Amino acid sequence: MLSPQNRQDFFMRPCKDCNKKSLVSSFFLYKQEPNYSNIEPTVEIICHLEWNNHYRVFAQWKCQRPRDPKHHQHEWRSSYTWVSLGNFIDKTPAKDLNKKNFYMQKCHECREECEDKNKHKKHRGCKKCNHDSIILNYDQLVQSAGGKPHKRWLCAKCKGGAICTRTDNNYRVPRVRKIKLF
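For the sequence shown, my numbering gives the first residue as 1, with consecutive numbering after it.
Misleading hints may appear alongside valid ones.
DSS-like cross-link-like pairs, simulated, lysine-lysine; straight-line CA separation at most 25 Å [stated by the list, open to error]:
hint	residue 1	residue 2
1	K95	K157
2	K100	K21
3	K100	K157
4	K91	K106
5	K62	K95
6	K106	K157
7	K100	K148
8	K91	K31
9	K148	K99
10	K20	K31
11	K20	K62
12	K62	K21
13	K100	K62
14	K151	K106
15	K99	K20
16	K31	K106
17	K157	K91
18	K151	K99
19	K148	K95
20	K20	K100
21	K31	K62
22	K148	K159
23	K16	K62
24	K62	K148
25	K151	K100
26	K62	K151
Since the hints were derived computationally from the structure, they do not count as laboratory data. Just so you know, these numbers come straight off a predicted model, no measurement behind them.
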């Protein structure tokens, strides 16, 4: 495992035009070594989206609360999803992921309906509302146009003590919103 300083040194590369050293912001992985220029890469890894051997993705989640007449199994979408880097690179289907392959998110509806109202929302949890969730599907995160401020209280990386910062100005990655607002 590289220290943060060694990692930064490893990803510093000279520019082909001016020879000035710059931080590599992303790189492509190929299934095999490309022997001609029109081979498509398997995946692009954007450096600031990797943390703790996990990769940030956009995912559809589902609460595992048992069904009853009063409650349905809530589903939601989240860009604060971290899956194992290996599973992301291998494009492992969501149905084949287990709890060790991603950072868990708790159901927002269960937390809102928690009967223990004296605790702050993020600390609530009881046998009735502390259900695990599963990832139904996930995809590479696409930067949205005019993105909203980062919600640190939802981000596993921030909650784990690291700080989410962009390491690039990667204008090659299109800012496309994947969610329908209305």
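We went through each hint and held it up to the structure:
For the hint linking K95 to K157, the alpha-carbon distance of about 23 Å falls within 25 Å, and the restraint holds. At roughly 37 Å between alpha-carbon atoms, K100 and K21 are farther apart than 25 Å, so this suggested pair is violated. Restraint check for K100 and K157: the C-alpha separation of about 16 Å stays at or below 25 Å, so the hint holds. Under the criterion of a C-alpha separation no larger than 25 Å, the hint pairing K91 with K106 is consistent with the structure, at around 24 Å.
A threshold of 25 Å between alpha carbons decides the hint, and for K62 with K95 the separation of about 12 Å falls inside it, so the pair holds. Our distance criterion of 25 Å between C-alpha atoms is met by K106 and K157, whose separation comes to about 15 Å. This hinted pair does not check out: K100 and K148 have alpha carbons roughly 29 Å apart, beyond 25 Å. Of the supplied pair hints, the one linking K91 and K31 holds, its CA atoms being roughly 12 Å apart against a limit of 25 Å.
With a C-alpha separation of about 29 Å, the suggested pair K148 and K99 falls outside the 25 Å cut-off, and the hint is violated. Restraint check for K20 and K31: the C-alpha separation of about 30 Å exceeds 25 Å, so the hint is violated. Distance hint between K20 and K62 is unfulfilled; the C-alpha atoms sit about 47 Å from each other, more than 25 Å. A distance of roughly 45 Å separates the Cα atoms of K62 and K21; the hinted pair therefore is violated under the 25 Å criterion.
Under the criterion of a C-alpha separation no larger than 25 Å, the hint pairing K100 with K62 is consistent with the structure, at around 17 Å. Distance hint between K151 and K106 is fulfilled; the C-alpha atoms sit about 15 Å from each other, no more than 25 Å. A distance of roughly 43 Å separates the Cα atoms of K99 and K20; the hinted pair therefore is violated under the 25 Å criterion. Of the supplied pair hints, the one linking K31 and K106 is violated, its CA atoms being roughly 35 Å apart against a limit of 25 Å.
About 21 Å separates the Cα atoms of K157 and K91, which keeps this hinted pair within 25 Å; it holds. Using a Cα cut-off of 25 Å, the hinted pair K151 and K99 holds, with the two alpha carbons roughly 23 Å apart. The straight-line distance between the Cα atoms of K148 and K95 is roughly 30 Å, outside the 25 Å bound, and the hint therefore fails. Our distance criterion of 25 Å between C-alpha atoms is broken by K20 and K100, whose separation comes to about 41 Å.
The suggested pairing of K31 with K62 is violated, with an alpha-carbon distance near 32 Å, which exceeds 25 Å. Proximity of K148 to K159 is assessed by CA-CA distance (about 19 Å); at most 25 Å being required, the pair is judged to hold. For the proposed pair K16 and K62, the alpha carbon gap of about 47 Å is over 25 Å, so the pair is violated. Restraint check for K62 and K148: the C-alpha separation of about 24 Å stays at or below 25 Å, so the hint holds.
Among the hinted pairs, K151 with K100 is consistent with the structure: their alpha-carbon atoms are about 23 Å apart, no more than 25 Å. As the CA atoms of K62 and K151 are separated by approximately 20 Å, the hinted pair is consistent with the 25 Å bound.
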